[in-house]
Every structure is written in structure tokens, then in C-alpha cells.
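Visitor: Here are the chains, one letter per residue:
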Amino acid sequence: MEIDAQGVYYRQLNEMIRDAVRAGETHLILRNVNGQRYIGAGLNGKQVTIEINGVPGNDLAAFMDGPTIHVRNNAQDGCANTMNDGAVFVHGDAGDVVGYGMRGGRVYVERHVGYRVGIHMKAYKNQSPVIVAGGTAADFFGEYLAGGTLVVLGLERGGRPLVGDYCGTGIHGGEILLRGEYDPWHVATEHIGVGAATDREMAAVRPHLEEFASAFGVPVADILAELFTVLRPKSHRPFGDLYIGRP
Amino acid sequence: MRIATKSNVSNEFRQVVDHDRCIRCKRCVMGCGFNALEFTDRVVPGPEPCVACHFCTTHCPQGCIEIERNPHARREHDVWSVAQQKRILRQAETGGVLLSAMGNDRPWGVLWDNLLLDACQVTNPSIDPLREPMELRTYLGRKPERVEVEYGPDGKRRLKTKLAPQLEIRTPIIFAGMSLGSISLNAQKSLAMAAKQVGALWNTGEGGLHADLRDYADCAIVQCASGRFGVHERYLKDSAAVEIKIGQGAKPGIGGHLPGRKVSADIAGTRMIPAGSDALSPAPHHDIYSIEDLRQLIYALKEATEYQKPVGVKIAAVHNVAAIASGIVRAGADYVYLDGFRGGTGAAPTVVRDHIGIPVEIALAVVDERLRREGIRHEASIICAGGIRCSADVAKAIALGADAVAIGTAALIAFGCHVCQQCHTGNCSWGITSQRPELARRLDPGVRSEMAANLLRAWTEELKEILGALGVNAVESLRGSRDRLRGINLTREMLDPLGVKHVGE
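Chains as they are written, first to last, in my numbering: chain F, 1 to 247; chain H, 1 to 505.
It is worth saying that the hints were derived from the structure and are not from the lab. Beta carbons are placed, not taken as given, at the ideal position from N, Cα and C, and that holds for glycine. Worth double-checking, as some hints may not be accurate.
Here are the in silico distance ranges between beta carbons for each label pair [to be verified]: (1) F:Asn126 / H:Ala4: 41 to 49 angstroms; (2) H:Val79 / F:Arg11: 16 to 24 angstroms; (3) H:Ala4 / F:Gly92: 52 to 60 angstroms.
Heads up, simulated BS3-like pairs for lysine-lysine below, C-alpha to C-alpha not over 25 angstroms straight-line [what the hints assert, rightly or not]: (4) H:Lys143 / H:Lys162; (5) F:Lys125 / H:Lys237; (6) H:Lys162 / F:Lys46.
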């Protein structure tokens with residue numbers, strides 16, 4: 001089903017999308033999207049796919065639970081904010097605060113992501129979120145990570161460093177994978193364990209790299225040609241000694 | 001760096017046992033969650049310090065155990081209090097941030113105790129609540145600018161104006177947010193059951209909604225805090241309302257803190273973090289760096305809940321709270337929850353708990369006044385909290401402008417809490433703030449929910465007495481009526497922001 005979003009206010013556009021899904025539509029194609037916010041917010045249903053032509057506004061797929069969204073352009077800020085399940089493919093860049101508090105599902109961004117990406121993502125048993133960025137990420141990547149997998153590939157760096165300052169600060173669960181060269185001072189705190197990716201870690205992330213590769217037409221072999229470094233929590237209580245509870 | 005010797009900080013309390021009357025049942029020893037009692041051939045102090053939680057004294061069948069202040073007398077000093085000296089020594093031994101729990105206990109004064117209510121005498125008859133019905137029902141949510149009425153097809157008048165979603169409560173008192181993790185599942189269940197019974201609301205706090213409490217979601221305000229624990233689509237859609245927690249009175253400006261020892265397997269599952277890890281919520285929401293960002297999150301939540309639920313914002317009472325509240329209302333919030341500096345917590349750095357924030361009485365008064373002056377008071381309800389102790393505090397809060405109040409500590413006291421301020425240790429003997437199964441199981445939701453419900457019922461009846469004395473039969477008639485209050489022992493600087501006259505005026 002096609003929806004022309006030209007000149008449609010976000011509130012009406014999202015109502016149209018929700019009504020369509022309620023009526024049983026499973027494949028929606030949006031045309032002429034131009035900054036409308038909250039597309040897919042709170043939407044559920046693994047059978048639903050939404051294709052977005054144009055640039056969606058902030059908080060795309062916020063609190064989303066199951067659907068798949070393809071963005072044929074850049075996404076803005078807050079993409080997959082507190083997303084519970086589903087998949088978002090961005091054929092371009094994504095902005096700041098991607099996957100804040102994300103709890104499951106996957107986000108694949110073809111090129112760069114901005115600041116504060118993957119903050120406080122969390123996981124439990126087989127519900128584990130994944131974000132893969134094909135280009136670079138800026139400051140505070142994976143801050144306070146409690147679970148899930150963050151991957152930044154640096155396939156095209158555009159003169160930027162792979163990650164920015166304060167990468168992984170406060171990590172106490174999950175892992176961050178960095179492909180290729182990065183500046184060690186960007187990962188400079190005592191509670192982050194840094195090491196080459198093990199075979200098991202590469203095997204676990206492989207399906208996501210393949211999904212990324214197939215979505216954006218990048219040969220998997222190219223992705224795997226570089227070594228991956230993994231950032232892991234050294235402790236599940238990195239600030240444990242800082243707080244004193246005795247009376 | 002921690003000094004590896006036995007601490008020299010002396011115990012504040014000691015247990016005194018009458019060994020002649022003691023029947024050696026060991027109930028006190030088994031009951032103590034703090035490992036502060038032992039049995040050799042008689043009950044003796046244990047390896048850990050007593051915190052005066054009084055589980056032992058309450059349950060001793062012989063009444064033969066007492067808790068005393070440790071009589072290591074020290075010279076009184078206005079600046080170097082014993083508590084202050086101990087804090088310094090503790091920090092010298094550990095190099096760490098001192099944690100405490102519950103609310104600010106310092107002598108900053110309680111403004112509710114400087115306010116007195118009016119009553120009717122002669123010129124305006126008082127009302128007898130036992131004879132006349134009193135309307136305490138309260139609706140929380142955005143009210144329309146004006147109300148239009150039309151005639152329906154049946155010839156009867158009906159409301160034409162479309163109302164924003166409202167929360168209906170039978171009494172203007174709800175339970176404050178206390179997260180699963182900071183308190184036990186049994187404690188939360190007790191609050192939920194009491195709320196449902198009385199027609200009030202409870203609040204999940206920032207720890208998510210446990211599967212066992214799903215039946216109580218429809219009378220729950222669910223929190224969306226900076227850690228986003230437990231926030232998913234069903235959580236939002238099953239709730240009565242969604243509350244964005246920006247801050248809380250006990251620790252303004254910093255995020256939630258659940259120490260790792262309280263993150264049991266059950267908590268780890270509900271919060272989706274590794275068991276045993278500290279659940280530290282970030283200080284700000286990292287997607288809220290401006291008032292426009294707050295508006296964005298409010299509307300993201302409204303979109304996700306299809307505009308069916310009120311979305312409120314909870315803030316700590318700080319300087320300029322009036323301007324902040326105005327921004328929050330203009331950002332689209334359906335209610336503003338003001339938490340004063342006396343608000344409780346399961347864990348907070350002591351210095352933050354005791355020195356940051358302002359009293360809720362002032363915050364409430366200046367926010368209500370500012371919203372009225374800007375012509376937007378009707379756009380959001382005001383809920384206030386932070387050391388509400390009795391129905392008189394509730395009545396005074398309503399007179400200052402609150403639509404409802406929330407109680408946290410008072411409800412826990414109904415569960416047996418003796419405000420020993422050790423919640424962060426997870427050793428609560430009463431099972432209120434512990435995740436240790438052998439302690440949490442002591443809190444019987446069947447009994448404690450009835451006690452919490454009793455508390456709400458009792459305060460509601462007292463409110464009716466107060467309203468009757470004021471000569472009004474609806475809580476709406478008291479709301480914002482500052483003229484029914486007088487200040488006592490207050491300076492002009494205090495009376496002015498409160499908007500209240502002095503007694504005698």
C-alpha cells in the first residue's frame with residue numbers, strides 16, 4: 001500500500017500508518033517523506049514492513065516492537081529510541097542518539113552515525129540489540145552499555161576517526177566491535193577491556209555483518225578483511241568501589 | 001583507596017537484652033537482616049552494626065530487647081557534629097562517595113509546620129462530613145480552555161469539547177514511584193493492590209513493570225526514566241499514564257542508583273541488565289538536552305500510546321522551578337510532578353540528598369502562581385510530593401494549588417519501615433527494600449496492602465473533616481485557595497513566594 005506523505009503533518013501520517021496496519025496491511029511504501037517525526041513509534045507486528053522514500057524526522061521507530069523499516073535516505077536523530085524489536089535499515093547516515101536504551105532488534109546504518117549512539121542499550125537472554133554503522137561514530141559511542149552489540153566498520157571514513165571521545169565509558173555488559181585502526185585514546189578508561197575479537201565473537205556477529213552486507217551491497221569479504229577489536233566490560237560494576245554504603 | 005583495617009567509625013546504636021526474661025527463641029537473631037545479632041549461649045551483638053530498624057524489638061515475644069543510642073558520649077559541637085565527624089572518618093578510610101537512603105533528614109525545617117488552616121465560625125457555616133457527602137474525586141490531566149455543550153439527538157445536553165485523556169482518582173492522594181529493585185516485589189504488589197482497592201494510583205518507578213503485576217497496570221503510572229528500564233510498547237499501552245522522570249527530590253540532577261547487590265536474577269530480567277551490576281541511570285536523558293527535546297519525547301510517547309494516555313513529567317524541586325514547570329507545560333505535559341528535597345530514595349549520595357533541592361511547599365506555590373499568571377494553569381495538573389506526612393499536609397498542599405499529592409515514605413512506614421536509612425544495603429529486615437528472598441517474603445501483600453489502603457482511607461476521612469471545617473464540600477473548592485492558609489513564624493521573604501498571609505492578617 002502506498003501513502004503519499006507530501007505535505008502531510010506527522011500526526012496524520014502516523015495515524016494513516018497505524019490505521020493501515022490495523023486494517024491488515026503488511027507492506028507500506030511511503031513517498032515524499034520530509035522530516036515527519038515518530039514514524040513507526042510504538043508500532044508492533046513482525047509482519048509489517050515500511051519503506052520510506054525521503055528523509056524521516058526525529059525518533060523514527062521510537063518504542064517500536066517488531067516491524068522492519070527501510071529508509072532510502074538519511075535518518076535524523078533518535079532513530080530506534082528505546083526500540084524493543086524489529087529492524088531499521090538506513091541507506092545513508094543517521095544522526096545522534098541512535099538506539100538510546102534499545103532493548104532488541106537491529107539497526108543497520110550504511111554510513112556514519114552521530115553522537116551518543118547506543119547509550120545504555122540493554123539485553124536479556126536472547127533479546128539482544130545490535131547496531132552496525134558502516135562508516136564512523138562520534139563521541140560517547142556505547143556509553144553505559146549494559147547489553148547488546150555495537151559495531152562500527154569504518155568502510156568509508158571521510159577523514160574522520162573511527163570513533164570519538166569517551167567510547168564505551170561505563171560499559172558493564174554487551175560488547176563494542178571496532179573494525180580496523182582506531183585512536184587508542186578514544187577508549188581510554190581503566191574499566192574497558194580491549195582485545196582482538198575471538199573466533200567465537202566473530203562467529204556471533206557474522207550473521208549481522210552478512211545482513212548489513214546484503215542490505216547495502218558490500219562484499220562480506222571486504223568487511224572481514226580487517227581485524228576487529230572488541231571492547232568488553234572488565235567488571236559488571238565499573239564504579240563499584242566508588243560508592244560506600246556502610247552506615 | 002580503601003584502608004585495609006577494621007573501621008574506627010563507632011556504631012550509632014546498641015542492642016540491650018534482658019537475658020532473665022529472654023526465652024532464647026532466637027527470633028531476633030533470625031529476624032535481623034543486618035547480621036547485627038548473634039547467639040552464643042545468649043543473644044549478643046553480632047559482627048555488623050545495628051541500624052535501629054526495630055524488627056527485633058517488634059517481634060520479640062517477651063519484649064525484652066531494646067535499642068539504645070550507643071552511649072559513647074562526645075562533647076556537643078555546633079559545627080563538628082558526631083555525624084559529621086563519622087562521615088569524615090568513613091571517607092578517610094574508603095576514599096568513596098557516601099551513600100544513604102530515604103529522604104533528607106537534616107534540620108532545614110518543615111514548612112508545612114509553619115502553615116495553619118482556616119475554619120468556619122459563625123459567618124459561614126461549617127459542614128458536617130458525617131451528614132453531607134464530600135466530593136474528593138480528582139481528575140488529573142490537561143483541561144480545556146473552555147467547555148462547550150451541545151444538544152444531542154436525544155435532546156439531552158452533552159459535552160461538545162473533546163477532552164484530553166484524564167486520570168480519575170477517588171481521593172487526591174496517590175503512591176509515589178518506588179522502583180522494583182529499590183523495593184521488593186511484595187512491597188510493590190502491596191502498593192498496587194491498595195491503589196486498586198481505594199481507587200488511587202501507584203507508580204512503577206524506573207525499574208519496569210514485573211509480569212506478576214500486569215493486572216495492576218491499569219491503575220499504574222509507568223515511568224520512562226533516563227535508564228529506560230522496562231520501557232516497551234505493552235508497558236506503555238497497558239498503563240494508566242506515562243511519566244517522564246527527569247529527576248527526583250532526593251537526588252536532583254543525578255540519575256537513579258540501584259546498587260549491584262540488589263540486582264537479583266529477577267531484577268536483572270525486569271531491567272534487562274547483567275545480574276549483580278549496578279543499575280545506574282544516566283544523569284540526563286541523553287535525548288533530552290533542551291525543552292524542545294522534552295517536547296519531542298512527550299510526543300513520541302503520545303504517538304506510541306496513540307494519544308490515549310496522559311503523559312506527565314516528574315522533576316525535582318530546584319531553583320527556577322517555576323520557569324522549568326512553565327516550559328514543561330508548554331512542551332505538552334498533561335501533568336507536572338514536583339518532588340521536593342525531602343523526597344525519599346533507595347540510594348543516593350548523602351551530600352546530594354541533603355544539600356540539593358528546595359522544599360516542595362515553596363516549589364508548589366511558585367509553580368502554581370507562575371502557571372496562573374501565564375494563563376496556562378489549566379493545561380496541566382500539579383502533583384506534589386516529598387515528605388507528605390499526614391492529611392493536614394495534603395490539605396495545605398491543595399490549598400497552595402496542588403491537584404494531588406503522592407506519598408512514598410508514609411506508605412513504607414505502613415509496611416513496617418522505621419526509616420533507618422539503610423535501603424541501599426538491601427538488608428531490610430522488614431522485606432521492604434530487600435531483594436534477598438528470605439527477607440522479601442516476610443512482607444505479606446495481603447496484610448500490607450490493607451494497611452496501605454487503610455492509610456489512604458484514614459487520610460481521606462481526615463480530609464473530609466478538614467474540608468467540612470473549612471465550609472466546603474468539594475476538594476475542588478479548596479484547590480488553590482491560599483487565603484484559607486496563614487503562615488506562622490515565617491518572615492516576609494518566606495510568606496511572599498508562598499503567597500500566604502501571616503496569622504492575624
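Visitor: So, for every hint listed, does it hold in this structure?
Guide: Status of the hints after comparison with the structure:
Evaluation of the 41 to 49 angstroms hint for Asn126 of chain F and Ala4 of chain H yields a pass: the beta carbon distance comes to about 42 angstroms. At about 59 angstroms, the CB distance of Val79 of chain H to Arg11 of chain F disagrees with the hint of 16 to 24 angstroms. The hint said 52 to 60 angstroms for the Cβ distance between Ala4 of chain H and Gly92 of chain F, and at roughly 56 angstroms that hint holds. At roughly 10 angstroms between alpha-carbon atoms, Lys143 of chain H and Lys162 of chain H fall within 25 angstroms of each other, so this suggested pair holds.
Proposed proximity of Lys125 of chain F and Lys237 of chain H is supported: the alpha carbons are some 24 angstroms apart, at most 25 angstroms. Only pairs whose Cα atoms come within 25 angstroms are accepted, and Lys162 of chain H paired with Lys46 of chain F is rejected, the gap being roughly 34 angstroms.
Violated hints, in rising order: 2 and 6; the structure is consistent with all others.
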